[in-house]
Amino acid sequence: GDSVTQTEGQVALSEEDFLTIHCNYSASGYPALFWYVQYPGEGPQFLFRASRDKEKGSSRGFEATYDKGTTSFHLRKASVQESDSAVYYCALGYMNYNQGKLIFGQGTKLSIKP
Amino acid sequence: AQTIHQWPVAEIKAVGSPLSLGCTIKGKSSPNLYWYWQATGGTLQQLFYSITVGQVESVVQLNLSASRPKDDQFILSTEKLLLSHSGFYLCAWKRDWGYEQYFGPGTRLTVL
Chain A
89 GDSVTQTEGQ
99 VALSEEDFLT
109 IHCNYSASGY
119 PALFWYVQYP
129 GEGPQFLFRA
139 SRDKEKGSSR
149 GFEATYDKGT
159 TSFHLRKASV
169 QESDSAVYYC
179 ALGYMNYNQG
189 KLIFGQGTKL
199 SIKP
Chain B
12 AQTIHQWPVA
22 EIKAVGSPLS
32 LGCTIKGKSS
42 PNLYWYWQAT
52 GGTLQQLFYS
62 ITVGQVESVV
72 QLNLSASRPK
82 DDQFILSTEK
92 LLLSHSGFYL
102 CAWKRDWGYE
112 QYFGPGTRLT
122 VL
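Here the protein sequences line up with chains A and B, keeping their order.
For the first sequence, this note's numbering assigns the number 89 to the initial residue and increments by one for each residue that follows.
For the second sequence, this note's numbering assigns the number 12 to the initial residue and increments by one for each residue that follows.
It should be emphasised that the hints constitute simulated quantities derived from the structure, not laboratory data.
A quick note: this is a predicted structure, and the numbers were derived from the prediction, not measured.
Glycine included, every Cβ here is placed at the ideal spot set by N, Cα and C.
Warning: the hint list may mix true and false statements.
Here are the simulated DSSO-like cross-link-like pairs (lysine-lysine), alpha carbons at most 27 Å apart as the crow flies [claimed, not checked]: (1) A:K189 with B:K37; (2) A:K165 with A:K144; (3) A:K189 with B:K81; (4) A:K201 with A:K165; (5) A:K156 with A:K197; (6) A:K189 with B:K39; (7) A:K144 with A:K197; (8) A:K156 with A:K189; (9) A:K189 with A:K144.
Computed far set for chain A versus chain B, every beta-carbon distance over 12 Å [claimed, not checked]: (10) S114; (11) S116; (12) E151.
Given only the sequences and the hints, what does the whole structure look like? Please build it.
Here it is in C-alpha cells:
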C-alpha cells in the first residue's frame, strides 16, 4: 500500500538556521503531496501542496519540490524562527473527488531555540 | 469564510461508557467530511468519510461509527468505549473538487 516516511522524528535548531525535513513516499499511482503543520493542542493546518513532478509548493517561507524520480517532497526553509516550532506532517493523496483519502507520515517535531 | 467547530473540546470517560463527538461546518454547502484519530504523539489516521447527507464510509474499523444527519454536521459515536479509544479526534472538510483537507480544532478524549 501507499506510505509516507519522514526520516527525522525530531529536529532541534537555532533561530535563523536552515531547515530541511525529509519526506519520501511510496505510491502505486501518481499522488498529490502535502505538508501540514500542527501546533500543540490544535488541528493540523494545511501549508501547501504539489500535484505533479517538479512542481514547487510554498507558503510562509517554507517550500518543497515534488520529485517523482527520487519519490521525495522535502520541506525546506532558509531561516527558521521560534514561532516555527511545531510538528510537521508530510502526506499524500489522490485526486479522488469523493474519498479524499490522505496518508500521513509519522511527523517531525521541530524545536527552535531563541 | 468557512469555519469548523468540534464539540466537546475534551472528554474524560469510563471504559464501557458511550460516546458522541460532533463536528459542524459553516460557510460551505455540501462539503466532503472526514473523521481522523491521532494517538498522543502519533500520526493521523482517517476513520470515516462522507460525501453527502446520510452516507458514511468506513476506512478503519475501531469499534466506532459515524453518521451525517445534516449537510453541515458529522457525528462520531460508540456504545462502548475501550481504553484504546483515547486520543485526539479531528474532523476535516474538503471541497468536492479539491485536494486539500482543512481540520477542526479537535476533541481530546481520555478513557479511564
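Query raised in the report: Can you give the numbers of the hints that this structure goes against, from lowest to highest?
Result: none
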